[in-house]
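Colleague: Top to bottom, those sequences are chains U and F.
Residue numbering for the first sequence follows the numbering used here, starting at 1 and increasing by one per position.
Residue numbering for the second sequence follows the numbering used here, starting at 1 and increasing by one per position.
Since the hints were made in silico from the structure, they are not lab data.
Cβ atoms here follow ideal geometry from the backbone N, Cα and C, with glycine treated the same way.
Among the chain U residues that face chain F by a calculated CB cut under 10 Å, a handful are:
1. LEU83
2. ILE88
3. PHE89
4. TYR90
5. LEU219
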Amino acid sequence: MENLLLGLSEGAAIAMAAVGFTLVWKVSGFVNLSLGAYFVGGGLVSWAFDAEVGLPLFTSVLLAVAACTVLAFVLQSRVITILTQRPIFYNIVLTYALGLGITGVLGMLLSADYRSVPISLATTYFTQGEFNLSLLLPISIVLALVTTVVVVSISERTTFGLMARAVSSDKTLATLTGVNTPRTIALIAALGAFMAALGGSIFAMSSPISSGSFEQITLYMASAAIIGGLGSLWRSFFMAVGLVALGSLLSLEVPSGFIDIVILLLMVVVLARRYDVFSPAHMRSRR
Amino acid sequence: MTRRLGRIYSKGQNLWSSRTLSVLALLLSMMILTIKGRSSLSELFLLVSLSQSWNLIGGLTGYSSLGQVAFFGLGAYFAGISIEYWHFSFPLALGGSALVAIVFAVLVGVPLLRLRGPYFAIATLVASLGTFEAFSWISSVMPGGDGVTITTAGTTAIMRYPTQGGFALMYLTLATVATVSVALLVRSRHGGGLRLIKENEALAAFSGINTRRYKVVVFAFSGVIAALAGGVYGFQQVTLDPNTLFNPRLSIAMVAMVLIGGSGTVFGPIFGALVVTAALELVANHSGSAQDVVVAAITVLGVLRQAETFPPPSGPAPGVLGADPTSDPQFVERSFVVVPRLVERIRAGSKDG
Numbered sequence: 001m002e003n004l005l006l007g008l009s010e011g012a013a014i015a016m017a018a019v020g021f022t023l024v025w026k027v028s029g030f031v032n033l034s035l036g037a038y039f040v041g042g043g044l045v046s047w048a049f050d051a052e053v054g055l056p057l058f059t060s061v062l063l064a065v066a067a068c069t070v071l072a073f074v075l076q077s078r079v080i081t082i083l084t085q086r087p088i089f090y091n092i093v094l095t096y097a098l099g100l101g102i103t104g105v106l107g108m109l110l111s112a113d114y115r116s117v118p119i120s121l122a123t124t125y126f127t128q129g130e131f132n133l134s135l136l137l138p139i140s141i142v143l144a145l146v147t148t149v150v151v152v153s154i155s156e157r158t159t160f161g162l163m164a165r166a167v168s169s170d171k172t173l174a175t176l177t178g179v180n181t182p183r184t185i186a187l188i189a190a191l192g193a194f195m196a197a198l199g200g201s202i203f204a205m206s207s208p209i210s211s212g213s214f215e216q217i218t219l220y221m222a223s224a225a226i227i228g229g230l231g232s233l234w235r236s237f238f239m240a241v242g243l244v245a246l247g248s249l250l251s252l253e254v255p256s257g258f259i260d261i262v263i264l265l266l267m268v269v270v271l272a273r274r275y276d277v278f279s280p281a282h283m284r285s286r287r
Numbered sequence: 001m002t003r004r005l006g007r008i009y010s011k012g013q014n015l016w017s018s019r020t021l022s023v024l025a026l027l028l029s030m031m032i033l034t035i036k037g038r039s040s041l042s043e044l045f046l047l048v049s050l051s052q053s054w055n056l057i058g059g060l061t062g063y064s065s066l067g068q069v070a071f072f073g074l075g076a077y078f079a080g081i082s083i084e085y086w087h088f089s090f091p092l093a094l095g096g097s098a099l100v101a102i103v104f105a106v107l108v109g110v111p112l113l114r115l116r117g118p119y120f121a122i123a124t125l126v127a128s129l130g131t132f133e134a135f136s137w138i139s140s141v142m143p144g145g146d147g148v149t150i151t152t153a154g155t156t157a158i159m160r161y162p163t164q165g166g167f168a169l170m171y172l173t174l175a176t177v178a179t180v181s182v183a184l185l186v187r188s189r190h191g192g193g194l195r196l197i198k199e200n201e202a203l204a205a206f207s208g209i210n211t212r213r214y215k216v217v218v219f220a221f222s223g224v225i226a227a228l229a230g231g232v233y234g235f236q237q238v239t240l241d242p243n244t245l246f247n248p249r250l251s252i253a254m255v256a257m258v259l260i261g262g263s264g265t266v267f268g269p270i271f272g273a274l275v276v277t278a279a280l281e282l283v284a285n286h287s288g289s290a291q292d293v294v295v296a297a298i299t300v301l302g303v304l305r306q307a308e309t310f311p312p313p314s315g316p317a318p319g320v321l322g323a324d325p326t327s328d329p330q331f332v333e334r335s336f337v338v339v340p341r342l343v344e345r346i347r348a349g350s351k352d353g
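Please model the complete structure; the sequences and the hints are all you need to start from.
Modeller: Dropping the structure here:
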């Protein structure tokens, strides 16, 4: 039970990054793998401000999330935007490299060791007989859920959300109707990084994180978005929660590597189905 | 402020496109490697082999793989296990590695080469992560639970362990074979077919090319080069660690080397390998994080350089206005000059044959 709750808590934090990833993909068409690095950055920088500098927890998280958000805005508007209308492969490689660079710098500055944000809630338990539950777990799940509700509402109910949807459906037409398309895309990238960094901060409160976690987090984030159907924010959220929680539950019985292989295979099957690779018509046309 | 930044950025772009930076990088790299000596030469030739391996499938054929490291790891593991447990000689183990790479390329390539663009890239990345997980598990269940360690000394050693120069010579041979193969392929009928597949796969199939066979053959050949490099590297390292041999960052480094040097060219990957080796030598005494930053920086520069080489189509983005592709000079050149020339060459080749 405790393992399941820990999985749900970690899953909710990673789900925030998955929602950010889906949002960026949906609006800009960019596959932004560097969001995995903002997740790691959110956790590690929160730890650094809190444990190394001595700032209060709330201020540390705020500063870490703000730093990641601003960095994402600058990188999107100055670097990633150069790849507009270029093959998406370059976009994948560039954002992966940016993520590698960001986590590399974090590793150099803060060491590559695993860190977790010390918080008193983590050691406050709700006890019922033999059942022990850290209060941090349900609180982090609720926090992730509330933040996602707010971001989904912004993307669906505000003027900015309307502009983002216009850009998502047709960039040329959106530009012609007066929407500043590059600025909107950069703001969406910043919003995605905000989600990822906050998710990372929440994650680091219950589980340790290191600069080397970048690939693992990116794998779960991208898998949840792809298996969740590439486009639906809520499906990405629940898919990430489900995948991580299931992985956490099964990790007691099978090696974690096998769980990763199953997730990876599931992702390939979804991609192949989306691309209609194994349909008879597709195979005939190839011949 | 933004305008000033823009001016600085455009000045930087001019400097980059003037090739001054490329020549400077080349000279600086050669200087660093000369100072560092023979150990960095081994690394250079290894990286040349790997970058040429990626160049074959990603540069010439246009199928950008992110899982090329799987061949490298497979080659290293097969060589290590066959030497240590089956007592193969080193050349025989290398031959086995090549054979394993061909089998893997066919098994993985036949289904995955139906995908294109990012789908192929992601699927190959998944395949390499899958092999990593499988070999991590294999390493944990090997006798002793600490993976494969090749015996290189004592009476049970299969051969005398080569010197640093010996390994450099092996890598040089492999790098030469890989580069000559790419050079010959670029000029051959098969190479023309691959370039046509890259330009327009439907047209390639229409002009009589068996696209599937071409793609699988070149995927297997590129895999063989990476597997041979892995076989030599595994023997050199003695202890095989899946975290190093299947590290996805090595796949990214291969892409970076080709992009920074010039994708689909013969000498571009050599230039890229030279720059990456020199940059890694500079931070050799620092942590792995510093090396990650170096690889990341070179990859970003490589991608931006590639973006500069292939500008986006001019005019409005394809959308509701229905952009006219014929207004793009690159589209016109490709459609009316490059592609017909390739088709003509392939047809002439088939008549000769």
